[in-house]
Amino acid sequence: MTIWRGMACAVLVLVVCLSLFASWLAPDGYAKQYREVADAPPSATHWLGTDEIGRDRFARVLYGTRISLLLAPAAALLSTLMAALIGGLAGYVGGAWARIAMAITDLFLSLPWLFLLITVRALLPLNVSPLVSVLVTFLMLGLLGWTAAARVLCTTAGTLRGSDFVRQARASGISPTRLFWIHVAPNLKPVLYAQFWISIPVFILSEANLGILGLGVAEPMPSWGSLLRELEGLVSIGEQPWKFVSLLLLVIVVTSFQLVLSQEEAAA
Amino acid sequence: MLGLLPALAAAQGELRFCLRSEPKTFDPLKVEDDASVAVRYLTGGVLVRMNRQTQALEPELAQSWKVSKDGKQITFKLRSGISFSDGTPFSAEDVAYTVRQMMDPALHSPTGDAFRSGPGNVETKIISPTQISITFPASVAGLDRQFDQVAIVSAHSPKKEMAVLGPFMVAEYKSGASLLLKRNPNYWKTDAQGRKLPYLDSIKLDIQPNRDVEMLRFKRNELDLINSLDSEYFDKLATTAPQVVHDAGPSLDSEQMWFNEVAKAPLPPYKKAWFRSAAFRRAVSQAINRDDMARLVFRGHAQPAMGPFSPANKFWFDAKLKPIAYSPDAALKSLQSEGFRFENGTLKDKDGNPVVFSIITNSGNKYRERMATMIQDDLQKIGIHINVVTLDFPSLIERMTQSFDYEAILLGLTNVGLDPNEEMNVWLSSSENHQWNPKEPAPETTWEAEIDRLMRLQASSADPKKRKEAFDRVQEIVVEQSPFIFLVNRNALSAVAQDVQGAAPVILVPQTYWNVERISLK
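First to last, the sequence lines map onto chains X and D. In terms of our numbering, the first sequence is residues 1 to 268. In terms of our numbering, the second sequence is residues 1 to 522.
Keep in mind that the hints were calculated from the coordinates and are not lab data. Please read all numbers here as calculations on a predicted model, not as lab measurements. Check the hints yourself; a few may be wrong.
[Unchecked claim] Across the chosen pairs, the derived CB separations fall in these ranges:
hint, chain 1, residue 1, chain 2, residue 2, range
1, X, Tyr193, D, Glu222, 48 to 58 angstroms
2, X, Phe244, D, Leu413, 33 to 43 angstroms
3, D, Gln336, X, Gly29, 24 to 34 angstroms
4, X, Leu111, D, Tyr270, 36 to 46 angstroms
5, X, Leu205, D, Gly118, 57 to 67 angstroms
6, X, Ser43, D, Tyr270, 39 to 49 angstroms
7, D, Asn344, X, Phe244, 34 to 44 angstroms
8, D, Thr414, X, Lys32, 47 to 57 angstroms
9, X, Leu111, D, Thr414, 34 to 44 angstroms
10, D, Thr414, X, Thr155, 50 to 60 angstroms
11, X, Leu107, D, Ala171, 50 to 60 angstroms
12, D, Arg220, X, Phe244, 17 to 27 angstroms
[Stated by the list, open to error] Covered stretches of chain D, going by a simulated chain X footprint (3 or more residues, C-beta under 8 angstroms):
hint, region
13, 349 to 359
14, 445 to 452
[What the hints assert, rightly or not] Partial list, computed: chain X residues near chain D (C-beta under 10 angstroms):
hint, residue
15, Asp39
16, Glu52
17, Pro130
18, Val132
19, Leu215
20, Arg229
21, Gly233
Glycine is no exception: its CB is placed at the ideal position from the N, C-alpha and C atoms.
Sequences are here, hints too, so could you generate the full structure?
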């Protein structure tokens with residue numbers, strides 16, 4: 001383990017722990033509006049000041065981090081499993097199945113995902129609670145984000161299918177299911193790990209993009225995307241550096257994921 | 001000779017500001033978009049002009065005018081000795097030509113729409129080269145004021161609509177980049193000292209939709225004016241250069257929310273019953289803290305709205321209307337008297353259904369999102385739970401006008417004109433823009449029938465007093481019934497560089513340059 005990877009892991013653990021203890025560190029919650037001290041600078045009561053309608057920014061950053069950091073890996077897990085199912089199986093089976101699966105993957109890849117997300121969002125029922133809206137947002141990200149990983153897994157599984165040790169195992173009369181679980185799946189694992197880790201920052205940033213467009217997590221629930229909206233436009237630059245905490249945190253977390261990931265990729 | 005020097009000095013200079021989109025036309029009769037309206041204002045000569053400061057009608061190309069008692073006919077006495085920018089003389093023939101063109105159904109002139117009060121043809125009668133009477137088939141409410149928007153085009157000039165009677169003329173147009181207007185050498189106006197107007201040599205209009213770029217360029221002294229500033233930008237500029245920003249007070253624009261009252265809307269019957277209850281709507285209105293909204297969302301650059309018209313509309317605003325008092329206790333009491341009950345922090349109707357609804361607004365508009373979040377917090381206090389939904393604009397419009405699949409909407413209304421006739425399409429129950437329940441075959445409630453009657457009455461009357469009485473009553477009914485819950489009127493914010501002289505920003509469009517011919521540069 002390099003020192004950078006160790007530091008990155010430590011940062012991620014610290015950030016996750018902080019966000020998990022959000023209800024203890026910010027007991028008044030993320031939605032309470034202190035309207036008399038709106039848009040206030042940091043103080044002993046509000047460590048990162050308050051937003052335009054008086055909500056405690058520290059609480060919102062903690063809860064937003066919790067949401068983004070818990071749900072982005074969940075979406076990454078979903079997309080990686082879908083990629084494994086579609087790409088891995090297609091590569092392993094090969095032939096016409098692989099061509100059909102990859103054609104479908106290409107079709108999904110060619111879709112402008114942002115517009116697709118906006119359209120799907122517009123079709124959803126309106127009367128859903130903020131919590132459901134969060135889950136739906138990340139579920140959509142997970143369901144739409146498997147395509148690139150599926151291609152990688154298809155190629156890897158295809159290579160494994162033609163490898164000497166798989167041919168040898170097949171020649172020895174092993175059943176296809178056993179062959180897959182004993183010889184192919186373990187060799188796909190490092191690629192799956194790498195794809196999982198790659199997807200997390202991608203989904204964090206995707207949610208942030210949706211949030212900046214006002215289409216992410218519903219109010220009053222915070223997420224990194226909705227917190228980043230504070231930095232929209234020229235007006236945010238300059239006088240209030242504490243507003244940049246959410247951006248800084250996003251950069252640190254995504255960078256940490258990349259540092260952790262580089263090791264996983266090397267392993268893959 | 002010495003007396004001429006200040007005039008010559010003042011006559012030099014180029015005013016620079018931005019249009020936020022490309023003008024779609026230079027033909028003043030086809031103008032529809034904001035950018036083209038701006039160009040028409042700067043280049044077009046009109047018979048009468050509404051003074052944007054006093055809101056009174058003043059003579060321009062017409063020395064005087066008279067409207068008949070039935071509101072069908074208007075007679076103008078025109079100034080003589082005036083020429084278009086290309087030298088073509090101006091006469092009553094040009095006015096007749098303009099009116100004929102404007103009312104030609106084949107041209108589809110948006111300007112002409114305001115004059116289409118009934119079936120039949122418009123008759124123009126040239127009494128002399130400086131006198132003309134125009135007769136419409138039916139009474140046109142506020143007939144003389146409508147001519148503020150009618151820029152006269154030449155009947156004979158080979159340059160067609162590019163020959164103008166206004167203070168400036170189009171000299172150069174770079175598509176997507178800029179528009180250069182040069183002073184009209186034949187402009188007829190002079191100032192009190194007899195100096196020819198306008199003072200400026202030219203106006204450079206850069207086409208720039210990005211507000212950040214506009215503000216940066218203003219700060220670098222590359223622009224002289226900014227219209228319709230956002231409150232955040234206003235405060236940002238005010239911290240560094242308080243002398244350049246202007247808050248002209250509440251504008252005509254309003255922010256409002258409304259409930260879906262469409263009978264065929266795909267909503268559960270109990271929700272339809274809430275939304276169609278005036279007591280429920282009034283209670284929601286009472287539970288919203290408009291003062292906080294104006295103070296926080298618009299940083300104090302907005303006023304709590306009192307009704308359909310802003311107090312900025314000096315003549316038409318009903319002074320009897322009072323601010324809607326914020327009182328969650330009174331709101332809850334009124335709901336309880338309607339059979340609702342407050343249990344464990346949740347309001348329930350008489351059948352035990354918890355009061356939960358969604359409110360949609362357009363995504364990307366952070367002001368509206370903040371307003372919706374504040375409403376969510378305010379209504380929580382009386383046990384009403386709101387889900388805030390932001391949708392892209394086309395999806396929102398589709399739900400609002402086609403599928404009616406929504407519960408409540410928060411949007412804004414931009415008002416340009418002062419006359420209530422311009423809002424006929426909102427208040428008549430048969431209208432498409434009667435948003436809470438569009439295109440009713442017949443008014444579904446007695447109060448909507450009364451609004452229909454009063455709106456038609458004011459539209460057909462030529463007596464301003466009668467019209468005012470009728471529209472005052474409309475405003476009172478709207479507040480009583482709250483089909484729209486008016487929230488705030490934004491202030492008209494602008495910025496004017498220090499080297500600009502004579503600018504006096506107002507609430508009405510075009511805010512900073514309404515007196516453009518008298519603006520000069522240091």
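These are the hints, each one checked on the structure:
{"no.": "1", "hint": "X:Tyr193 to D:Glu222: 48 to 58 angstroms", "verdict": "holds, 53 angstroms"}
{"no.": "2", "hint": "X:Phe244 to D:Leu413: 33 to 43 angstroms", "verdict": "holds, 36 angstroms"}
{"no.": "3", "hint": "D:Gln336 to X:Gly29: 24 to 34 angstroms", "verdict": "holds, 28 angstroms"}
{"no.": "4", "hint": "X:Leu111 to D:Tyr270: 36 to 46 angstroms", "verdict": "holds, 40 angstroms"}
{"no.": "5", "hint": "X:Leu205 to D:Gly118: 57 to 67 angstroms", "verdict": "holds, 59 angstroms"}
{"no.": "6", "hint": "X:Ser43 to D:Tyr270: 39 to 49 angstroms", "verdict": "holds, 46 angstroms"}
{"no.": "7", "hint": "D:Asn344 to X:Phe244: 34 to 44 angstroms", "verdict": "holds, 40 angstroms"}
{"no.": "8", "hint": "D:Thr414 to X:Lys32: 47 to 57 angstroms", "verdict": "violated, 34 angstroms"}
{"no.": "9", "hint": "X:Leu111 to D:Thr414: 34 to 44 angstroms", "verdict": "holds, 35 angstroms"}
{"no.": "10", "hint": "D:Thr414 to X:Thr155: 50 to 60 angstroms", "verdict": "holds, 55 angstroms"}
{"no.": "11", "hint": "X:Leu107 to D:Ala171: 50 to 60 angstroms", "verdict": "holds, 52 angstroms"}
{"no.": "12", "hint": "D:Arg220 to X:Phe244: 17 to 27 angstroms", "verdict": "holds, 24 angstroms"}
{"no.": "13", "hint": "349 to 359", "verdict": "holds (count 3)"}
{"no.": "14", "hint": "445 to 452", "verdict": "violated (count 0)"}
{"no.": "15", "hint": "Asp39", "verdict": "holds, 8 angstroms"}
{"no.": "16", "hint": "Glu52", "verdict": "holds, 6 angstroms"}
{"no.": "17", "hint": "Pro130", "verdict": "holds, 7 angstroms"}
{"no.": "18", "hint": "Val132", "verdict": "holds, 9 angstroms"}
{"no.": "19", "hint": "Leu215", "verdict": "holds, 5 angstroms"}
{"no.": "20", "hint": "Arg229", "verdict": "holds, 6 angstroms"}
{"no.": "21", "hint": "Gly233", "verdict": "holds, 6 angstroms"}
Checked against the numbered hints given earlier, the structure breaks hints 8, 14 and satisfies all the rest.
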